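> Chain by chain, the residues:
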Amino acid sequence: ARAAGVSADAINIGMHLDLSGPTASSMPMLRNATELAFGQANAAGGVHGRQINMIVEDNAGQPQQAVRAVQKLIRSDEVFALHNSFGSGPNAATMGLATGAGVVVFAPWAASAVMHQVSGNSPLLFTTVQNYNTTTQRALERVIPEWGVERPGVIYMEGPYGDLIRAGVNPALESLGMSTAEEAAYRPGEIDFSSQVARMRAAGVDLIIAGTIIRETVAVMAEVKKLDWDVKVLCAIPGRSTMVAQLGGADTEGLYGIGGWQLHGAETSNAEAQAFISAYQEAYGTMPDENAANAYSYTNWFLSALRGAGEDLTSDSFVAAARASGHNDFTTYTEQTFVDNHAMPEMVSIDRVVDGTWEQQIAPF
Amino acid sequence: MRFDYHTRYRQGFALLRHRSDWLSYGLLAAALLALPMLASTYLVGELGYVFILCIASMGLMALTGFTGQVSLGHASFVAIGAYAHAWLMAQGVPFAASLPLAALISAAAGLVVGIPAIRVSGLYLAMVTLAFAIVVEQIIGMWRGVTGGYMGMMVETPQLLGLSLGSPRVFYYVCLFVAALVLLALANLMRSGIGRAFTGVRDSEAAAYALGIEVNRVKVGAFGLSAGITGLAGGLMAHHIGYLTPDAFTLLLSLDLVLMVVIGGIGSLRGAILGAVLISLLPNAVAALKSLLPAAMARQTGLEIFVAGLVLALFVLFEPTGLNGRWLKLRALIESFPLYRRDMFRRQKTYMKSERNR
Amino acid sequence: MSSATPLLEIDKVALHFGGLAAISDLSISVNSGEVLAVIGPNGAGKTSMLNLVTRVFDASRGSILFKGEDIARLPRARIAHLGIARTFQNIELFDAASVLDNLLLGRHRFGAGAWWQQVLRTPALTRREEAHRARVEEVIEFLDLSPWRNAPVAGLPYGVRKVVELGRALCAEPEILFLDEPASGLNPEESRDLAFWIDDIRSDLGITVVMIEHDMALVNAVADRVICMAQGRVLAQGTAAEVQAHPDVISAYLGA
Amino acid sequence: MMLDVQNLETWYGPIAAMKGVNLSVAEGRIVAVLGANGAGKTTLLNTLAGVIDPFKGKALFQGAEVQGLDADEVARRGLVLVPEGRHVYPFLSVRDNLMMGAYARKDRDAVARDIARVQEWFPRLKERDSQHAGLLSGGEQQMVAIARAYLSAPKLLMLDEPSLGLSPMLTTEIFGIIRRIRDETGTAVLVVEQNAAVALAHGDDGYIMELGRIVAADSCAALTRKEDIREAYLGGGGGYGLSGTAQRWKRRKTWR
Amino acid sequence: MGRQLRAWRARMNTAWEVFAQVTVNGIAVGAIYALVAMGIVLIHKATEVLNFAHGDLLVLSAFSAWALITHVGLPFWAVVPLVGAGIGVIAYGLDAVIVRRIAGQPQFAGVMLTIAMAFMIRGAVSMGFGPESQSYDTPWTGQTSELGGVAIGNLSLVIMGVSLGIAAALWLFFRHTRLGVAMQAASQNQLAAHLNGVRVKRLNSLVWALAGVTAAIAGMFLAPLSLVDTSLWLITLKALAAIVLGGFGSLPGALIGGILIGLIEQYAGVYLPDGSRDIAPYLVLIVVLILRPRGILGDAHGRRV
Ligand SMILES: Nc1ncnc2c1ncn2[C@@H]1O[C@H](COP(=O)(O)OP(=O)(O)OP(=O)(O)O)[C@@H](O)[C@H]1O
Ligand SMILES: Nc1ncnc2c1ncn2[C@@H]1O[C@H](COP(=O)(O)OP(=O)(O)OP(=O)(O)O)[C@@H](O)[C@H]1O
Ligand SMILES: CC(C)C[C@H](N)C(=O)O
Ligand SMILES: [Mg+2]
Ligand SMILES: [Mg+2]
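Protein chains in written order, with our numbering: chain A, 1 to 365; chain B, 366 to 723; chain C, 724 to 979; chain D, 980 to 1235; chain E, 1236 to 1540.
Only chain A is shown next, with the shape it has when bound in the complex (with noise of 0.2 angstroms):
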């Protein structure tokens, strides 16, 4: 039993985020709504009395500077647990690093499976998450018969988050004995989507599976719109972002999306919401994003699980108490606890843009 970083008045939680590298622009959010969280925790009195010490470590968006910023918040910072931290090849690097040392990491932002099989399962780790295959696959497997969906393809990114998204789409399609139609990748970082939507168009694909975040998802769409191609898009839960329905103007109308999460815009009558919308903007200025109502959510939780600890904060009854913490916000679509320390249940919903904003069409199941 670890308890490293708790002290009488204080306990140290550290977080490391791509502040320097290719996401950097995303995480002003994560960061602040933790935070913002963590802040009023302290206000509060803190956790039995401590208060919450966040150390924030830049990993760039690179496994082995992660690596450097965790060995610094162990080693020198020695924190008690990682918190939010940003990124899959990042939280892959350091999660044997960081259970190894006794280290609690709870809501690391990266896919939740792949973390719990490098951790090697170990207890320290609590994901939320929710799995991109998983989620994707339950989606579909809904709407395709519900849509009468044939030829369903996919256009995913490179890298782990593409692998996920296939890795949803392809039991999904083979539980409904199909197949995909084409598939077609792009490298983050890419500005044109003709290719790919062209490719769709010519294997004569009546549904997109756009494995895509925001700005890809807004091109694709554009590309449609262009080519005036009557097709369904439907868009993984990365993209079902109101940045994309915001942004995307004309060209993400009618744009499908999986939710698994609720969305909340200004004007919502949530009272939880908010209020965290209107401290967020007293804090920051600015409006909060899902990433940053997801994070703030996330450290509720992460804030219950402590004091559930009790007074005598170790790693063991960190865990212990975590496992029986349950959560439910403003963000969540129902109650969700930990199951083999993953968040669960994973629900979804199928929203759509009308007008700008996301519309839900199917409600959570």
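Simulated from the structure, these hints should not be mistaken for laboratory data. Predicted model, so just to flag it, every value in this text is computed and none were measured. Keep in mind that a hint or two might mislead.
[As the list claims (entries may be wrong)] Residues from chain A that face chain B, not an exhaustive set, calculated with beta carbons under 7 angstroms:
(1) 23
(2) 75
(3) 93
(4) 113
(5) 114
(6) 310
Even for Gly, the Cβ is constructed at its ideal location relative to N, Cα and C.
Dock chains B, C, D and E with the ligands against chain A, hints included.
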């Protein structure tokens, strides 16, 4: 002033020519050997990583610094070394055999890339190597059976004679040992015939041919050597990372290596090492700098990369000959102590020479 | 003076660049042990001739026999190993290296030891390096280069750079040495040193010298035979006096 | 005085290449600077042309200080240098190279006339009009460099070893051309030359440089008569005297 | 027989349509690569500096245009000259204040310096405009034209026109103007250019300004095709591939190289196995360079000795 009195030629080309060299390098070695007993595990781990980069940087220096061939794709050799080593270890090959084997595999890949280098030079070569690196990255991603694809691949803890080398302190010594070995081997090579042939090809191909140097073989050989050493660094890097994914070996790493070589000072092993130390510690420096800034500024996205760029720019602007050049000047200044002039190293105007018809 | 079989024989060689004939139907033979001077107006093709022999260019036609062997198609790096050395009109030194290293590179064709010996710096290799160094020191002594031994060649005065290049070629211990305008950029005193050196190179070292040169004083002093080229052909040949008296040479090259 | 150099001193890092140099060029004069290798002649011209910066001292050109200015500014004032070592634009045609000489000139017609003129001096340049200058022979490139400088319509033309690599005929012609330029346009000339005989024969005033200092200054005629200068720079009057038991020891004469 | 033939014809027709569409797409994308490539070639041709910061100037211009359109409310037409001039001035300043200082250093130093500048610009853009992606509309957003059954975005047509226009203008400039020849001269032998009275420093800064303007144009027209985003700098890599394929220092080469890369990507993306699209241009690049070491239109001659 320092004068050398030699009675035999070998004194003139000894690695350490002066008593003061023996003293200073001896002290450095002693300090490096003693360090793990004194410093924190964190620092020891950091230095181990710095050594790995020193090896890779020396590898690139052999190619770019000594032979004049630019490579923007050296991350791919780090990758090949890392994956080969990890895969071999997974097949049960012991660490001590797997590491050199991985270096050999990487060297073989280097020979393959070296073949276009016969015909292509300068920026064209830079692009060929960049293209090669992109292809390698793709292959790693798609060759799931061996590399684990984008999902990655676990690296076993290194073991030697049944002893684990995995702890930071022990691994520090492993890295230090390999780095010292590489340094010594390269230093020997570069002051012998092969090293001279390298510089010959770099400075004038026409003259190199006229002296009977097989320019093509030297170029390809330099690629192989460089890739081999870089692959060796890759093997150690695999242990540093512990879990390999392709995103550890992107263009960013290639650029970092080039930066090390150039900032360190083209054509000098000391430069390669100084450059590696500087570039690898840059993030630490940026982090330290950030803590001096007001919080609102320090949190800005983009600050890290901005400061890193600024530091690099300042280095290039104020010491275009690299850290090694600065070192040599400092030493000259100290050695000529009473005689130095205030503006001994004032820079004369210089003019860009076209490198288009090299 | 002239032996039975020439050491080097350039036979009916031509060189074209696109439509331009830099050399057309050139035949020159070089006898063992002589100093042959090649003169001729600018652009006559003298350097091109040398570039053909050293395989910088491929001849469009003709053969080049060195000791009876046709070398016109050999790989470029082989030439030095046959015992042919050269200097360059536009000085091709290894700029970042010291004078010493430049000269040591001249020893390349005599081998530098196996790669593993070099890596380990075995005693055998050290001995070999010392042997090379000893030869290099002889050249340094011969050409009076000792003040510059450890200086990087980039900053040396033009004249010294020329001498270093000559030294580098000598370190290769060639049978035949081609010099492309060795005296250009040297003052008369230095040219005179050069004349002595060339004479010694021929008589003491037994090296055949082919010298492309515009300095007629130097040509007169050292050349056994002179060939004047113009427009890629031989215009006249013979002793220095004969050639300089040739009316075509006077009108095309020497001037009235 | 067209050019007045006072106590000029230039360093390369820790090396003083030129110290306390005083020199002047009067309107319409041809001034020759002689000196051994590494004496600092190139350094002098480069410093005057703004190619490198002096450490101290003054250079007054037409009464205005020019030391330390950028080379293009100096050139635009009419102080034009033909640098050592044929700096042609390798990928521009011969004609474009020449046109670059007239870059700062506005008088198109006069430029056209001047081009015709240099083509008359160097017919070779006309033949090679559209060839990339980088492919020219060494001597041809030297012609380009000289012609290009003339095309800048200089007030004071500085030439660093103009005869380098030129045939004997052209070497004499160059000085004829220099005189003609002077006579026709009143351009003053400052020339560094290894071929001391020709330089002293055509020059008006002469300077001798050794080890970075001016060691003698006089009219060319007077210098030619001085015994030690004849010895050192004019080869003692005759050829190189290799034959017989000529002085084979090195007699490098330097003033220290 | 008749029916089979008709079915075959119909298949051929769709196949042909796809091919035509893919070709047009390739040219449209290639024009973008070419536009970026030309800015890089411009600086390289005139100063021998390989500008790795070009892509980041492009990002800067895209964000500036976005800020002017959405925050200041200017119309697109007013923004184009404004941002073009602004980036031109910034690029001039970058050369005059930073790059100029390393004149005469080996090419490497320039590469390093521009990489450092790229980092700084990238960081500054994130700090100045915020890190999030943005978007704005051009007069052609969402408009599509149809040419013989092939759809092409009007914005792509505009970009093609702009690329061609810039290529032609630059080519004429270098070939036929005194200033253009002087720029080439300055890159081939800077010392000689100084001695010929060419104000090399000012000229170089001018070239940077010009290249800055092309970067600005590329940025303003390209961003609306995808999004205004810092990752747009990655297009530099494609542009470099295009430059090398076409031959360094050749403006027509950059144009041809860009379009070739665009076409290869499209054809490989549609007709070759999945996954080959992203390496196809690079494989072609390697092969072409082995066969023609100086690219398709590069300067052919080596050094004389
Ligand atoms: N690669 C080439 N392409 C085109 N023309 C060339 C090339 N090399 C040489 N030439 C031309 O061939 C002719 C002969 O050149 P070469 O260098 O052999 O002359 P040279 O006799 O050495 O003259 P110099 O005394 O001036 O050095 C020149 O007119 C030159 O322009
Ligand atoms: N770039 C440089 N770096 C260091 N030292 C230099 C440099 N250029 C010249 N020198 C030194 O300055 C001194 C003068 O050189 P300079 O070139 O001016 O001589 P020079 O009289 O023109 O000789 P030459 O007749 O050979 O051309 C020499 O000792 C030389 O070594
Ligand atoms: C946002 C996701 C598409 C990518 C994910 N965060 C990862 O890096 O693993
Ligand atoms: Mg010649
Ligand atoms: Mg000189």
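> Output the indices of the hints that this structure fails to meet, ascending.
Checked against the structure, the hints that fail are numbers 1, 4, 6, while the rest are satisfied.
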